[in-house]
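Q: So the protein sequences, as listed, match chains A and B.
As numbered in the working numbering, residues 1 to 114 make up the first sequence, in order.
As numbered in the working numbering, residues 1 to 108 make up the second sequence, in order.
None of these hints come from the bench; they were simulated from the model.
Wrong hints could be hidden among the right ones.
Calculated cross-link-like contacts (lysine-lysine; reagent style PhoX-like; alpha-carbon spacing at most 25 Å) [as the list claims (entries may be wrong)]:
1) B:Lys42 <-> A:Lys13
2) B:Lys107 <-> B:Lys42
3) B:Lys42 <-> A:Lys57
4) B:Lys67 <-> B:Lys107
5) B:Lys56 <-> B:Lys67
6) B:Lys103 <-> B:Lys42
Computed far set for chain B versus chain A, every beta-carbon distance over 10 Å [said to hold, decoys possible]:
7) Ser26
8) Gln31
9) Ser32
10) Lys42
11) Glu45
12) Gly54
13) Asp58
14) Ala68
15) Arg77
16) Leu88
17) Ala90
18) Gln95
19) Lys107
20) Pro108
Positions of the beta carbon are idealized from the N, C-alpha and C atoms, including for glycine.
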Amino acid sequence: KAGVTQTPRYLIKTRGQQVTLSCSPISGHRSVSWYQQTPGQGLQFLFEYFSETQRNKGNFPGRFSGRQFSNSRSEMNVSTLELGDSALYLCASSWTHEGNTEAFFGQGTRLTVV
Amino acid sequence: QKEVEQNSGPLSVPEGAIASLNCTYSDRVSQSFFWYRQYSGKSPELIMSIYSNGDKEDGRFTAQLNKASQYVSLLIRDSQPSDSATYLCAVNNYQLIWGAGTKLIIKP
């Protein structure tokens, strides 16, 4: 079974630009969550999508947005990039079985804003 | 506010010893609990999940859950240098809530 696939793996952007990151979940998983992780920091929750609907949202500015398609693939977009947006962006897909949910991460996209 | 607390470390343990990692959570109705391992520059990897009180063993790893005291722990027996990583605790109650992680260093 293929794992969670994130593209691209690395990205360098200039301040003010926008960026779109992609995540393909494990087949059969309908929930996709996005996280930001900066050096020495824990996982900061961005948002979660389930069946094309945003189910939860973290405390990030409106420059961060996302969506999920009917095939469960998800994208997140960051507009007007700032230097502080440089981070590892992680996508996790999850499934619920017998009331228990487990999440699995992709390899992440490392975004550098210069 | 729902919280998950971990000691940030670093926790230094000699090779071959038992490493003990702890996590407390605030939401009493939390149902499922996870430990993830994250190597530097890599993504978190699920290593243990536990759903009911008591111990759950998987190889050198043992997860312990005490819902009355609202803590979950991870024991790593016969610690190896390859166990050096940051260990993240996550608690699920409709949404995964993450601890900030404990950095574990296994000294040869």
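Q: Which hints from the list above does the structure break, by number from lowest to highest?
A: Numbers 4, 8, 9, 10, 11, 16, 17 and 18, in rising order.
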